[in-house]
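Whole structure, please, built from the sequences with the hints as guidance.
There are 2 protein chains.
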Amino acid sequence: MVEAVEKLTKKSEDPSKWYLQLVRMAKLADYGPVRGTFAIRPYGYAIWERIQADLDARFKATGHQNAYFPLLIPESYLKKEAEVVEAFDPELAWVTIGGREELEERLAVRPTSESIICDFYSNWVQSYRDLPILINQWCNVMRWEKVTRPFLRTAEFLWQEGHTVHATAEESREEALKMQGVYRDTFYETLAIPVMTGMKSPSERFPGAIETFTCEGLMGDGRALQAATSHDLGQNFSRAFDITFLDEQQDRVYAHQTSWGFSTRVIGGLILVHGDDRGLKIPPKLAPTEAVIVPIWRGNNKGEVRREAEALFSELKDAGFRVEADLDEEHSPGYKFNEHEMRGVPVRVELGPKDIENEQAVLVRRDVAGKEGKEFVPRNALPGRLRELLGEIQENMLAQATEFREANTRRAESYGELKEIIEEKRGFVLAPWDGTPETEQHIKEETKATIRLLPFAGEAGEEGKDLVSGKPGTTAVFARAY
Amino acid sequence: MVEAVEKLTKKSEDPSKWYLQLVRMAKLADYGPVRGTFAIRPYGYAIWERIQADLDARFKATGHQNAYFPLLIPESYLKKEAEVVEAFDPELAWVTIGGREELEERLAVRPTSESIICDFYSNWVQSYRDLPILINQWCNVMRWEKVTRPFLRTAEFLWQEGHTVHATAEESREEALKMQGVYRDTFYETLAIPVMTGMKSPSERFPGAIETFTCEGLMGDGRALQAATSHDLGQNFSRAFDITFLDEQQDRVYAHQTSWGFSTRVIGGLILVHGDDRGLKIPPKLAPTEAVIVPIWRGNNKGEVRREAEALFSELKDAGFRVEADLDEEHSPGYKFNEHEMRGVPVRVELGPKDIENEQAVLVRRDVAGKEGKEFVPRNALPGRLRELLGEIQENMLAQATEFREANTRRAESYGELKEIIEEKRGFVLAPWDGTPETEQHIKEETKATIRLLPFAGEAGEEGKDLVSGKPGTTAVFARAY
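Sequences listed follow chains A and B, in order. According to the numbering used here, the first sequence holds residues 1 to 482 in order. According to the numbering used here, the second sequence holds residues 1 to 482 in order.
Think of the hints as simulated: they come from the structure by calculation, not from any bench. Backbone N, C-alpha and C define an ideal beta-carbon position, used for all residues, glycine too. Misleading hints may appear alongside valid ones.
According to the in silico footprint, chain B covers these stretches of chain A (three or more CB under 8 Å from chain B) [stated by the list, open to error]: (1) 34-42; (2) 54-67; (3) 96-104; (4) 118-131; (5) 134-141; (6) 352-358.
Structure below.
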């Protein structure tokens, strides 16, 4: 038997090394030849497909349609909105040659598509009757990042970008908030990540946005991850790209817009939030494999155990489970246990000669360690109990992550305390902020913590004195971030 | 009432103008700022989404998984396979600047991904235990074409590309044939396009392939469209990219590979095969809207008819139909009839005061003109009859297209006859070919017809004398192509 198994670095000891090693061992992604580019391997892509399906259904339920816009954006289009150029110019990849000829105008590989989509919208929007336009695009985008890490920061990534056009400021505000809500629901219900939601401070807004709504996750190492954002663009882009329409009074007015995005970056968040020293822990709703059957045999009963394992596999598959049977004969059960725990499969089904005799199987859940995670289930009750257990795991993973987030969300009463928490404990720190970029910048320089979000009124948004300036302020949430 | 409706050019009078006008009027696609680039608008994209779902399910049922590989391919990778460079070099778009710096090596925007995927595979494939690798990718690709036309030939298009690795020549051949079969099934069962299938002549093979299997559709104007191809790559790429594995005898050997692709080009095929003078005709399985309800009201009964139309809409929607209700008050029923016929909606449901009184509705099918396409259906039988009718339309559209293809597939007994058919009637022409590139080239130069495919043995593959050289030959299928 082949027993040699690569030892995973402990998450607690070196989270950065743990992360990279796990991405490789679990075959989630692999490095490409161009710096910062990656292949998303089938096991990682299957997670993304399930996230896509979840989001796409929610987008359609809220009235959106999918479309596809060109990859290449002429430089002159990007320059139309000043903040966009400034923000993205350092990160652009440029096509300068096409069909063996030097191009007259260079073309950027889209870093985000506002500029090119607005050009189409300026033709498609003529009358209030054409509004709202509620379009989403699933695509690849490119940002030439200096320091990259699989999923979390990559030169090319996959995402969806919604781009909507509305008649009034109220409608675009409502849409941006609605889509933040859609993202929030997906995080809670599907990714089991209890994101905090709120608004970005002006300095952290998307270029050209009048308001950016964000979902911020707290990673296992106490750092925040901006997980998805939704922007109210107001009339900034409609003015830059001349998107006007005749309203009901026959006046020509500028439209109001939103954009919102959710990317493969969240797969990095999923690893960092749920993973532990044993490896990945994938929420059942996203798991490519919900349950893996591991037969436990010896030489003299291998045939019988294999037959039973195969029968159970067929039964569970026919019942609609995403199930694997690991019938490999080279590796020991112990090796397989480690392997599938590392891959984050939510449930292991153990089946040995004793179990066959007793007409039972053993269910071992990934989210609860030790004896408490193990249960003996009568064979005829197995499909029902497995379905139930997967639901329990999904809920428990959200509960575990929520407990962690709550334990790592603290209120700082003084600037010293804020610095101490950021330095020693990390996590989210709530503290009053006077609303000026100066104190925000001061804290960022001294602690490397940024304002992750400003809570909505009534949600932790208490008043108090700014810890730096002493001026009146309202609660902001600080953290070091990915 | 607004009655002005743009008049669609007749397909029979000017198929090229008809095509471009229809793409615009039906809001399938719109021109981008860079030559040859297009946005696929929601109505066009919804068709693509349904094609994707259909193919993706078939790929998964045959054991394939999805993954994602980088967009940008270093020049040195493309150069590893000589035929690939030669074929694609004139059509490449090159990224030469990234992050404000001139790149040391320029990067091609993928025209197809063999070169970059093979690089990953050379790492992933080590032992016979790693095989087969059965991976598919949904993505965008770019080919800097000189003359473009929406869907049919565009600088950027969407497609899927399957890339598989196998231990033996038999397995890669079997896989390439299997995927041609998957495509064929999708064409017949879902797109209602009766493609001819066979092999390409050596000169028409994919660069680097040892065999290319093709699905060729016959368009309404008698020209052929290469609709999807599947390639047996043999060991050409594994040798160029060093994809080797230890076989069961512990010998290191080169792997065998396939690739296969199906693109948004087929939407162009769908328009050309099924469209008529009234506009699009979308097969029910792909139609974004299966049925549209058009109320027929006058001033005094508008309220009642509207209420009934809304009730019917809810009922059909709840029954799972993709249904629209056109309750617009600005346009006449006649205008709406034209509009939805132009958009290719398979069934129109008319509902007027008389129908309400008689507890019935009128179903009008798009695929049969005149009175024969119209039936009165009791209101309570409507959902059942509609479901049935959609199935009948799907079948009938395939039957109509098959009849057209058969009527336009002819056997030429002499070279003069071949030229005459190609010139005057177009369509597929069957004629013996001696297998040499010389006669193939000769016919191409004189008639603009190319060999679309060589039928499989036993399928029209009769022997005879080459019409040009007089030497013994086997049947080839000639046509002018898009």
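Structure-inconsistent hints, enumerated in ascending order: 6
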